[in-house]
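Novice: Chain residues, written in single-letter form:
There are 2 protein chains.
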Amino acid sequence: MKVIKVNLKNNSYPIIVGTGILAKLGPYLRKLKTGSDLYIITNPFIKAKFGNILEKSLKNSSFTLRFHLVPDTEASKSLARAAKILADLSAYDQKKKIVIAAFGGGVVGDLSGFVASLYKRGTPYIQLPTTLLAQVDSSIGGKTAVDLAQGKNLAGTFYQPKLVLSDIDLLQSLPRRQLSSALAEVIKYAVILDPLLFVYLEKNLSRILAKNKACLEFIVARCASLKAAIVSRDEVERLGLRTILNFGHTLGHAIEAAGDFKTYNHGEAVGLGMLCAGSISVSLGLLKEKDFKRIEKLILRAGLPARIKGLDFNKIIASHYHDKKFSGAKNKFVLASGIGRSTIKMNIPLDLIREALRERF
Amino acid sequence: MKVIKVNLKNNSYPIIVGTGILAKLGPYLRKLKTGSDLYIITNPFIKAKFGNILEKSLKNSSFTLRFHLVPDTEASKSLARAAKILADLSAYDQKKKIVIAAFGGGVVGDLSGFVASLYKRGTPYIQLPTTLLAQVDSSIGGKTAVDLAQGKNLAGTFYQPKLVLSDIDLLQSLPRRQLSSALAEVIKYAVILDPLLFVYLEKNLSRILAKNKACLEFIVARCASLKAAIVSRDEVERLGLRTILNFGHTLGHAIEAAGDFKTYNHGEAVGLGMLCAGSISVSLGLLKEKDFKRIEKLILRAGLPARIKGLDFNKIIASHYHDKKFSGAKNKFVLASGIGRSTIKMNIPLDLIREALRERF
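Those sequence lines, one after another, are chains A and B.
Each step along the first sequence adds one to the number in my numbering, with nothing skipped, and position 86 is 86.
Add 361 to a position in the second sequence, counting from 1, and you land on the number used in my numbering.
Source of the hints: derived by calculation from the structure; they are not laboratory data.
A few of these clues could be false.
Pulled from the structure, derived: some chain A residues nowhere near chain B, Cβ distances all over 12 Å [unchecked claim]: (1) Y28; (2) N60; (3) K84; (4) A149; (5) R207; (6) E289; (7) K297; (8) G340; (9) T343; (10) P349.
Here are the simulated DSSO-like cross-link-like pairs (lysine-lysine), alpha carbons at most 27 Å apart as the crow flies [said to hold, decoys possible]: (11) A:K152 to B:K456; (12) A:K120 to B:K693; (13) A:K9 to B:K366; (14) B:K693 to A:K315; (15) A:K332 to B:K458.
Yeah, the Cβ is synthetic: ideal placement off N, Cα and C, and Gly gets one too.
All chains, full assembly: derive it from the sequences and hints.
Specialist: Shown next, in the form of structure tokens:
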């Protein structure tokens, strides 16, 4: 078991990573002294699969609990759904000491954090991520969101949880496609920040794909540490330090959007986006060709696509122009300047972007 | 003209109070360098009355602007309305540099701040309060909110504006009932914090009720300074310093709620709540009887009710138990310990509360 601290003065919190730790949530939560009435937002699948572990642990530590189920789709990340939860929560909350728990993947995490940040202008909440993607990325950092018709995550807040508890055991039932997709973000951390993690991935990728618990615990804890360090220095994305976490996301978002979020999932699109960003990095002389090949090989071995199928080239380019991060500049790219090193460049010539994207067709 | 600074490190902002200053908004806003595309949330009445002043000033300084009208009722403070605005705003915002402006009273201010805090996880916004209540109170401090079925302001955020501009000229058309209602909050500031303001009010209340501009400017600037000082020390209500601003609000909210927010408006209910809190303060030996009489006289002279009519005594007591501020304690009261001095007490005996409320029937 590893404990990682996110240092944010009054908003600091621990990330606990380990096996079999969901069963110990009750005692962990008691120590936090935040409240005794758990309002657990989850989806029917997760509740059926792991709800009893959670329930037993909490009841043994004298917590009350209530489940609120949301459908397990991106459509749940809506203002309408947030309104439904807030209505139910406020009707339920009669003189209670509410703690909200996000028990699920990224959708449940983003939505629950959003609701928690709004209810009574901020109610304590904890993250209990059940997918690899949520454990290595979305549960950490306090970005909450719902989608608007015009785009994903267009409404949200910065609001930190009181605890993130990542139980590695929950990943054993994760479908292969979700595992691969999450590995895109793990590879991202390695490329932009951590050459040792990159080497670890090269050595252990087969074991990771076989869901070896020690390997999964290592990568979850390592990614959590990397993200915690960045978030600790730039909580609300004022300094731009968090920007490097968008490596692969600029064209990744465009690829996701061009396929209406159906053709490729987030991780697959980010994998493709990293390949494009890698090509641009090579073209600009920032990254050696042989390092690019190592990145490409790792992405392929993770089971991620390296070629775009079924999408329109021009639609991706058009989507790319609508990125919400671009205000002011033509575009902004995080580029790799070596394995484990990154840099931010504005206004990359469109020809270079088109060329990098063309290679993926 | 007076400029008051709210000191909140990265979230600091000026409050400008004066006559005829709405016409100078363009130049003020240019100096802030926040963005050039104004998205103005207002109601049809305010737009018809003052929209042209705003439009002229902004266009002369090369801003673009778009109005979004909401009905002038508390019902506009809803998640549904916030969702409508967010949908319109995100459709409108194609590569713009948006600044949201709240142009109206408390409803427009709370709703606009809420939307601004959520859009892209925080978009710059300014407050252009058009009522005395908004100028002395709700536009300052960064509390944003919408109502839920279970109660007022149950969903919201802490999010600071970039500028508050209070043009005293806009108050000339304010109906008498709204003026009186706002004076309840002004009297509140005087009782809990500022003996000199209390004496000023005793001397100048007739002139204030006649909308003398110098007097209005004085009280708006004074109240803004008092609130700014408190907010500067306790931005997100962590230290409890903001709690004293709830003087008169504990029973005030219960009185409002018992009348379904129709019998008495907020200021009238706060006036009655202050009288109850004053009685309790006298009963506990904190406040002299003669000081209580001065407070009571001022409230009466402001045109506020001193007796409750058309409400059920027990319904008020029942509503009081649902106050969202009570988590843990039976109740929490801000009490006057002199003119210009206040103290916070928990778990006041119910007999004392009933007795104080009974005096108002």
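Novice: May I ask which of the numbered hints given earlier this structure violates, with the numbers listed in increasing order?
Specialist: 3, 4, 14
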